[in-house]
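Engineer: Chains as they are written, first to last, in my numbering: chain A, 12 to 133; chain B, 64 to 167.
Watch out, some of these pointers could steer you wrong.
[What the hints assert, rightly or not] Pairwise CB distance ranges, derived in the manner of DEER restraints:
no.	chain 1	residue 1	chain 2	residue 2	range
1	A	S87	B	A167	22 to 30 Å
2	A	M101	B	T155	56 to 64 Å
3	A	S87	B	K83	24 to 32 Å
4	A	H113	B	I166	52 to 60 Å
5	A	K26	B	G161	21 to 29 Å
These aren't lab readings, by the way, just hints derived from the structure by calculation.
All residues carry an ideal CB built from backbone N, CA and C; glycine is no exception.
Each chain, written out:
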Amino acid sequence: MADTQSIIGKGAIFKGKISNASTIEINGRVEADIKSEKVTVGKQATLEGSIVSELVVISGNYQGKIKADSVWLTDSSVITGEINYKSLQMDRGAALNCKIVHNWDEKKLKTNRNENNEDSSE
Amino acid sequence: MADISYINKELVMEGTLESKEGQIVIAGQFKGNLTAKSVVIENSAHVLGNVNSEHLKVEGKITGDITADLLEVGSSGIIDGKLKTNSLSVDTGAQISGNVGKIA
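Full structure from sequences and hints, please.
Structural biologist: Given below as structure tokens:
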């Protein structure tokens with residue numbers, strides 16, 4: 012919704028920290044850690060930094076660590092770093108050079124690991 | 064079309080934002096330096112830091128130094144800092160504290 016959307020326009024350069032965003036669209040160059048409900052990185056855009064969000068759509072260049080429920084990487088996306096997701100969509104042509112982890116819930120991951128360890132010690 | 068960056072209400076940003084050819088509209092909170100061809104500080108906005116722009120319109124609050132070729136301060140504008148401008152307009156109700164000078 013336009014009421015809650017923030018935009019970093021084409022040609023804009025931002026370095027720093029973004030928080031409390033509900034919907035943010037990036038069409039420029041951003042070096043920032045973002046906490047948001049929805050993040051969109053446009054085709055011409057470059058984003059460096061971590062994302063914590065419910066929904067992430069990337070069509071541009073991204074470098075960093077994503078933690079999101081839903082991730083959509085379109086055909087023009089270039090990703091380096093790490094993706095922690097619950098549901099992932101990748102279009103043909105997406106370029107990924109990264110680690111991909113499903114169900115990134117850290118507590119669950121830890122308990123899973125502990126259970127596995129116990130199993131192996133028995 | 065000019066490239067617009069829009070920082071919505073609620074949003075909190077910290078850092079430097081630059082858009083030499085475009086416009087920046089701030090309605091949220093911004094801490095740091097702003098540089099753009101055109102800057103609009105809306106009613107709900109609070110900017111802590113310096114603003115550099117050719118055309119600056121202030122309806123919100125700025126704490127920091129301003130350099131703007133053309134500076135318009137609306138009736139709800141609050142500025143605390145040094146102003147450097149070649150053309151200044153201030154509406155009734157605006158609150159400004161600081162120096163006003165020409166751009167050298």
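Engineer: None of the hints should be skipped; say for each whether it holds.
Structural biologist: Cross-check of the supplied hints:
{"no.": "1", "hint": "A:S87 - B:A167: 22 to 30 Å", "verdict": "violated (46 Å)"}
{"no.": "2", "hint": "A:M101 - B:T155: 56 to 64 Å", "verdict": "holds (57 Å)"}
{"no.": "3", "hint": "A:S87 - B:K83: 24 to 32 Å", "verdict": "holds (25 Å)"}
{"no.": "4", "hint": "A:H113 - B:I166: 52 to 60 Å", "verdict": "holds (56 Å)"}
{"no.": "5", "hint": "A:K26 - B:G161: 21 to 29 Å", "verdict": "holds (27 Å)"}
Of the numbered hints listed earlier, the single one contradicted by the structure is hint 1.
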